[in-house]
Amino acid sequence: MKRFAALFEALDRTTRTTEKVAALAAYFRDAPDPDRVWTIALLSGRRPKRAVNTTELRTWAAEAAGLPVWLAEECHPIVGDLAETIALILPAPRRTSDDTLDDWMRRLLALTGQPMDLRRQAILDAWDRLAPQDRFLFNKLITGGFRMGVSQGLMTRALAQATGVDEATLAHRLMGDWTPDRIDFDTLTGAQDPGANASKPYPFALASPLERIEALGAPAEWLAEWKWDGIRGQLVNRDGAFALWSRGEELVTDRFPDLGPLRDFLPPGCVIDAELVAWSGSAPLPFAALQKRIGRLSLPKKLLAEAPAHLLAYDLLEADGEDLRDRPLSDRRARLQALLAAMPAGLPISASPLVAFDDWDALAAARLTARDRNAEGVMLKRRASGYFVGRKRGDWWKWKLDPYTIDAVMLYAQQGAGRRATLFTDFTFAVRDGEDLVPFTKAYSGLTDAEFRQITDWVHRNTLERFGPVRRVPPDLVFELAFEGIQASPRHKSGIALRFPRMLRWRQDKPASEIDTLDTLRALLAETQPPRG
Amino acid sequence: MPSEPLLTFTDRGICCPRGGFFIDPWRPVDRALITHGHSDHARPGHGAYLATVAAAPVIRHRLGAIRLDTIAYGERRRIGGVTVSFHPAGHVPGSAQIRIEGAGEVWVVSGDYKTEPDTLSEPFEPVACHTFISECTFGLPVFRWQPQAAIAADLNAWWAGNAAEGRVSILGAYALGKAQRLMAAVDPAIGPILTHGAVEATTAVLRAQGITLPPTRHAGAGIDAKSHPGALVIAPPSALGTPWAARFGPASEAFASGWMALRGVRRRRGHGRGFVLSDHADWDGLNSAIRATGAERVFVTHGYTAIFRRWLEDQGYDAGIVATEYQGETADAEAESDPALPGTME
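Protein chains in written order, with this note's numbering: chain S, 1 to 533; chain Y, 1 to 346.
Just so you know, the hints here were simulated from the structure itself, not pulled from any lab data.
Glycine included, every Cβ here is placed at the ideal spot set by N, Cα and C.
You may find that some hints are simply not true.
To be verified - Take a look, some chain S residues computed to stay more than 10 Å from chain Y by CB distance: (1) Thr59; (2) Ala110; (3) Phe242; (4) Leu262; (5) Ala482.
Stated by the list, open to error - Which bits of chain S does chain Y cover? Going by a derived footprint, with three or more residues having C-beta under 8 Å, they are: (6) 30-37; (7) 78-86; (8) 414-426.
To be verified - Here are the in silico distance ranges between beta carbons for each label pair: (9) Pro474/S <-> Glu125/Y: 41 to 51 Å; (10) Trp244/Y <-> Thr15/S: 29 to 39 Å; (11) Glu514/S <-> Ala221/Y: 50 to 60 Å; (12) Glu514/S <-> Arg217/Y: 54 to 64 Å; (13) Gly45/Y <-> Arg391/S: 33 to 43 Å; (14) Gly45/Y <-> Ala215/S: 51 to 61 Å; (15) Trp244/Y <-> Arg522/S: 53 to 63 Å; (16) Pro32/S <-> Ala204/Y: 31 to 41 Å.
Just chain S, with the same shape it has in the complex:
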């Protein structure tokens, strides 16, 4: 644990990328083997199942510190991190420990499902043996969400420096399904074991937001396609494995059984990059239809019939077992279309249609029709581009529609987490409905730190009521909110729910009497929801 804690401290004490990568690379060279694998797992979001829940942690920590539980609970939103709160309130340890990260991880894994007394004793014992900084890390290992200020990309770069394997190859090796307690460092980063992981996806190529379209050069060098509002995914059909991966590297095959027939018709050794959408029979349904299926444990027939899954294929990454990612997009696209054309009709897959355009004006006009198609905008991809790893600027651009906007007033404020600890950053907003103010959405991004500081001061001076971490404030501060979509929602008091709401501007020039009304939102809803047939 000490070596891991030293790594964490080195990462936490610098804001320079080069220093972070150097610290990680040094760690990957000299840390003990199982610890290195755990570190890769943690930094790529492979969190073991939680052995202890946060209520238990809070309660046991308060007991150990001799403090009432309510006080520990009050501290949490101010510190902005439960693991840190607990590390800060615990009394000094009475013992020490030389156990490694691997020892602690295995101990935690073994606790899963054990009786409460046993887990409690194990956690109290751990706290009493760990130094304050190690305790914070230990708590983080339990509560998860461990980023350490390092993206997966930076970690891969450091790993490349430490192993001499190139970054793209490593990125691919780290994809897919592996468990840290059953693999060693050399197997994970070394030459790929053939057939070991047939379902492994490729790292996704990501687009950047378009800046200046004039800078792209000749329109003829570019392909345009709709930017669908679904779930980006990769379908792998290889060596008997059939797997659908989401962009977050989550295996979601089982949640979309309606894609099953593809298994019988796709040629072996192919990998397709596609958007998963709910399908009307000829076009995508709004994202809300797909959303109903996400997170459901069971899928009733009715839901499968209402929102059948469909893949709109963008790209072909592998065909006949051959990696095509270095070929130009125009070739890959032609092969994709040929591959799909050879399959029988009526399957839940089709090529995502290209948007025809001769000049940028024509594309701009087409983009404005995106919403009518339940698309978010258009994508521009250079015909000559390869399928690169991650977000590489220059070849792929996303050109989204301008968001919807509405002026609303803040009703409640709550403190943020992480680097926004102690700042009020999470707000609930209302629109006017006659004499009433109706809360309709929360938002927590879009303002500068300076604005959040100013608002935090204001909240401190203007709190009317406190409900735990939430403060009610006078309806005085007006914000222009942006959002990408709107849908009816019987679960919300306002009857509507927004997609990706965020603050566009703090309207210090506008009084609360001039905010938008619930009718504005209802009209927008009516406009965007095509009558259901």
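Based on the hints, put chain Y in the right spot on chain S.
Using the frame of chain S, we list chain Y on its own:
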């Protein structure tokens, strides 16, 4: 007829009607008793000021021509219908708690205070009272300070490490109190100590009143990383990341404050390093100070007042809150207040 309390809380600040004065008022009043020279406590515009002998030079330096009378620690003085005295608060040199006695009752206003001696400030002395008005800037159990010597060792290691790599170390600290405490705590053998103008001016005032501090040099024109390689630069937090700081090249920046105990705050401020060193009492310091007064009634102000009051009630105190307009009222040039943080006056 119910008698009026000895102190009342008004929109101008804490008032003593029987004595005809206010304590650290934030709007102009005729007569102000001032606990210490930080700009959120010593404000301009009052008719007459009273402060300790040791606090007076800085207050004069900052507020210019004011009517300022001084008082020694422990000296009892009759004002109106009450007797007042000033007692060391351990916050910064000259800082005081103010004791008010009248109508058979004793109240103490803590001002800002710190229970750990820092070698520069007159050490905190508990004062017995019936009612204690305590600050609680760091009134949460997540704030528990390491001894100053441990922080000094960390600071020296950081400075020496940077100096060995040929880098300047820039340390953000409030100009009055914290800056001098730091220069007195670090090891001057590591390298030269440079100061920002705001820090140097206050340091000169404190030296002139007899406080011993290591040699420092104002980092004016011509002073940079080339002329003073491996130097330690002490500057107000607001000077970090400015063109003034850019002259020191790719320096290592750090900030010394109690708020650095929170990782989120440290990360938000964008400094790699944060040293947890505060001029305020920590959780244990607040609790022991309150106990030591023997008070039955406690009013809390500055900081996590609602939470701290509930904690005190749990402990059997009759507890209340003094509302304050301190936070965010001014972001003065020396940036002693950090509007990023709730009730943060250091």
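Hint check:
With 10 Å as the threshold on Cβ separation, the claim that Thr59/S sits away from chain Y holds: the shortest Cβ distance comes to roughly 15 Å. With a minimum CB-CB distance of about 29 Å to chain Y, Ala110/S clears the 10 Å threshold, and the non-interface call stands. At roughly 43 Å from the closest C-beta of chain Y, the C-beta of Phe242/S stays outside 10 Å, upholding its exclusion from the interface. With a least beta-carbon separation of about 45 Å from chain Y, Leu262/S lies farther than 10 Å from that chain, consistent with its non-interface assignment.
With 10 Å as the threshold on Cβ separation, the claim that Ala482/S sits away from chain Y holds: the shortest Cβ distance comes to roughly 24 Å. Check on the stretch 30-37 of chain S: 0 of its residues sit with their Cβ under 8 Å from a Cβ of chain Y, so the three-residue criterion for coverage is violated. Judged by the Cβ-Cβ criterion of 8 Å, the stretch 78-86 of chain S is covered by chain Y as claimed, because 6 of its residues qualify and three suffice. Chain Y is given as covering the stretch 414-426 of chain S, and this holds because 7 residues of the stretch bring a CB closer than 8 Å to a CB of that chain, at least three being needed.
As the Cβ distance of Pro474/S to Glu125/Y is approximately 43 Å, the hint placing it in 41 to 51 Å holds. In this structure, Trp244/Y and Thr15/S break the distance hint of 29 to 39 Å, their C-beta atoms being roughly 20 Å apart. Separation of Glu514/S from Ala221/Y is about 52 Å and conforms to the stated range, judged on CB atoms against 50 to 60 Å. About 56 Å separates the C-beta atoms of Glu514/S and Arg217/Y, a value consistent with the hinted range of 54 to 64 Å.
Range check, Gly45/Y to Arg391/S: Cβ separation about 56 Å, and the 33 to 43 Å hint is violated. For the pair Gly45/Y and Ala215/S, the supplied restraint of 51 to 61 Å holds, since their beta-carbon distance comes to about 57 Å. Look at Trp244/Y against Arg522/S: about 54 Å separates their beta carbons, and that is inside 53 to 63 Å. For the hinted restraint 31 to 41 Å between Pro32/S and Ala204/Y, the CB-CB distance of approximately 55 Å leaves it violated.
Hint check: violations occur at hints 6, 10, 13, 16; the rest are consistent with the structure.
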